[in-house]
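Knowing the structure of chain A, use the given hints to seat chain B on it.
Sequences listed follow chains A and B, in order. Residues 186 to 547 in the numbering used here are what the first sequence spells out, letter by letter. Residues 186 to 547 in the numbering used here are what the second sequence spells out, letter by letter.
For the record, the hints were derived by calculation from the structure and aren't laboratory data. Among these hints, one or two may not hold up.
Since copy identity is lost for identical chains, a pair holds within one copy or between any two.
Here are the simulated EDC-like pairs of lysine to aspartate or glutamate, each with C-alpha atoms no more than 20 Å apart in a straight line [unchecked claim]:
#1 Lys482 / Glu468
#2 Lys397 / Glu415
#3 Lys319 / Glu228
#4 Lys273 / Glu288
#5 Lys324 / Glu295
Here is how the chains run, residue by residue.
Number of protein chains: 2
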Amino acid sequence: MAVRMKDIAEDLGLSVVTVSKVFNNHLDIGAATRERVLRRMKELNYQPSLHAQGLASGRTMMVGLIVPDLVHAFFSEVAQSISDVLRKKGYGLVIASSDEDPELERSEIEQMIRRRVDVLIIASCQSDPASLKKVVEQKVPLVLIDRSFKGFEANFVGTDDVHVGEMATEHLIGLGRRIIGHIGGQTVSTSNDRLAGYKKALAHHKIALSEKYIVRRTLGDQAADTTGREAMERLLLVSPRPDAGFCYNDPAAIGAMNAILAAGLRIPEDIAIIGAGNIRYAESFRVALSSVDIPRKALGEYAGEIALQMTGKKKPVKTRKILVSPKLVIRESSQVSKVSLTAAPRPKKRPSKAVARPKTEW
Amino acid sequence: MAVRMKDIAEDLGLSVVTVSKVFNNHLDIGAATRERVLRRMKELNYQPSLHAQGLASGRTMMVGLIVPDLVHAFFSEVAQSISDVLRKKGYGLVIASSDEDPELERSEIEQMIRRRVDVLIIASCQSDPASLKKVVEQKVPLVLIDRSFKGFEANFVGTDDVHVGEMATEHLIGLGRRIIGHIGGQTVSTSNDRLAGYKKALAHHKIALSEKYIVRRTLGDQAADTTGREAMERLLLVSPRPDAGFCYNDPAAIGAMNAILAAGLRIPEDIAIIGAGNIRYAESFRVALSSVDIPRKALGEYAGEIALQMTGKKKPVKTRKILVSPKLVIRESSQVSKVSLTAAPRPKKRPSKAVARPKTEW
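For reference, chain A alone in the conformation it holds in the complex:
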């Protein structure tokens, strides 16, 4: 463990109180003693404890973050961004993953409370807010990110997910597609709302909604590409076959695209695909993936700033809700090039990718 005041005191045959007084510039210490202590601190490169400083003010200088999956690039980018904001104010970020397991999340929440984090930031995988109410009861300031709960007042930084679902689905309808499948997630607000947006867009265009084109996942994000593939395999069996698919997140879309290609079908000619999240490398997948971008960096920054505002506040502060704006990023997976729109019927085996097809983003 690091050099402590105690070590310096023992080295010099002084009391910890004396050493502490020197460190805090008390005037009742003689010049010779002060000199000895400061010299020894320098020799040992003594670093004052943030804990000791924090505890005096009732703070631990730690913010807790619980995400469903740290390896999902969406959440690691958010974590990175929160960390960047906190570090500038000397706060550390304790990170835990719930693996999209509500039970594990509850246990991590308990640990964070016992760890006395100054603020707790959670992208919750619970389907109801019961365990989050306990956080509030324990007077631990709480910031929800990405996922919220109806009827549960809390600080929240996320996006309008109904709008995300609408944007994605409207885009597919705009391509002339009419049999649009949806691959949804577990029952958290993001996937619930994106599904609602999908339904809203269909209704707006008077396209009949059919439940057989909706496949929702029951498992968590961690295996989203696997379950996305399985969901698409099911959708490919529905008759008539869908000509487009909106996947609630990008990992699911990757799996869905792999299923389509494995079935010998073309993207986007046979089935256009769009995801949500616009994760790193989305442009480098087998077919460059269209997505609804959700600005992770801004989301993390807002969450970090709210957390900083709440540290050390004993009384509840007015809750804040901040929504970052999603934006459509169109790539090859939902872009029908002019060539293929005007071309004569093509041989069945024509591969799905043209090497130099341009990308468009806006």
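Okay, now just chain B, sitting in the frame of chain A:
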């Protein structure tokens, strides 16, 4: 902040010492008082502080982790794995990213020391171990992961990166390729050693080494796909053009592949590509990426276990060095299918991907 002993004491008009004695089952507290305190603890759902418990034993129950880039899937998987090991023993993981910036890493190290983490785990982006020596001087137990330093004794969990470079290059040579480019990283042990392995494999097969086929990055991992693309753009101008490329990590390989495809060339027919790390979704990229897999989960588990063994130990323990075994994962980017080996000369514009080409892994 969470409910504290102090709050309970104030509520009941008792001293904190009394409340603490009840909590710790001291016998010198009357039954009535004990009853009142325990009831109030239950009502408020009091969670004992891990800090308070830890401080008594000189520990903070926190392990620090500094990685170069949290969003690079390799490091987020390692972090996840370390966290899984620590959580079972009640330890938390404080994570910081250095953004591959040695200066920022030094500042994060200082913060971690001031935070009194029980152990510090670092994948360092320094080119010399000076700032890590300071960690040792401060008596903070240290575990290096992924990247090590010659002549600096420290616990280390990583892989034999010379072997990684050899395996990758041997594989390309085995495909019959003879003009093999290398895209390297900054001067840390992983990229230094992978380059050494590349040279060793060439020497073993008596293939002349030419510096013009080696492009090393000077920037960090964060923009590895961008710099991988730029490096490949440079290699494509070299005459004769390389027929294969070994990239020191997968993000660089993604960028390199994008540059090759943008130039209208085919992977692997014109240029075979292999990366290292085998990051998540490597199989879903524009061309499924061959890579040398480095078992992240095992690496993180070993690091977490060593960290646990060192917590609370004041005297230095014998340092340990654990190497996880890399393994070759061959996918489309370096696999010439039988069809294309036996086929007649193909039209220049033939796209690089066959939809149903099988993947092989071993």
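Status of each hint after checking the structure:
Taking the shortest Cα distances, Lys482 and Glu468 sit within 20 Å of each other inside one copy (18 Å), while across copies they are farther apart (27 Å). In this assembly of identical chains, Lys397 and Glu415 lie within 20 Å of each other by CA distance solely inside one copy; the values are 15 Å within and 46 Å between copies. When the C-alpha separation of Lys319 and Glu228 is checked against a cutoff of 20 Å, the pair qualifies only between copies, where the shortest distance is 12 Å, while the shortest distance within a copy is 47 Å. Taking the shortest alpha-carbon separations for Lys273 and Glu288, only the inter-copy value of 14 Å comes in at or below 20 Å, while the best intra-copy value is 33 Å.
Proximity of Lys324 and Glu295 under a CA criterion of 20 Å is satisfied intra-copy only: 13 Å inside one chain copy versus 31 Å between copies.
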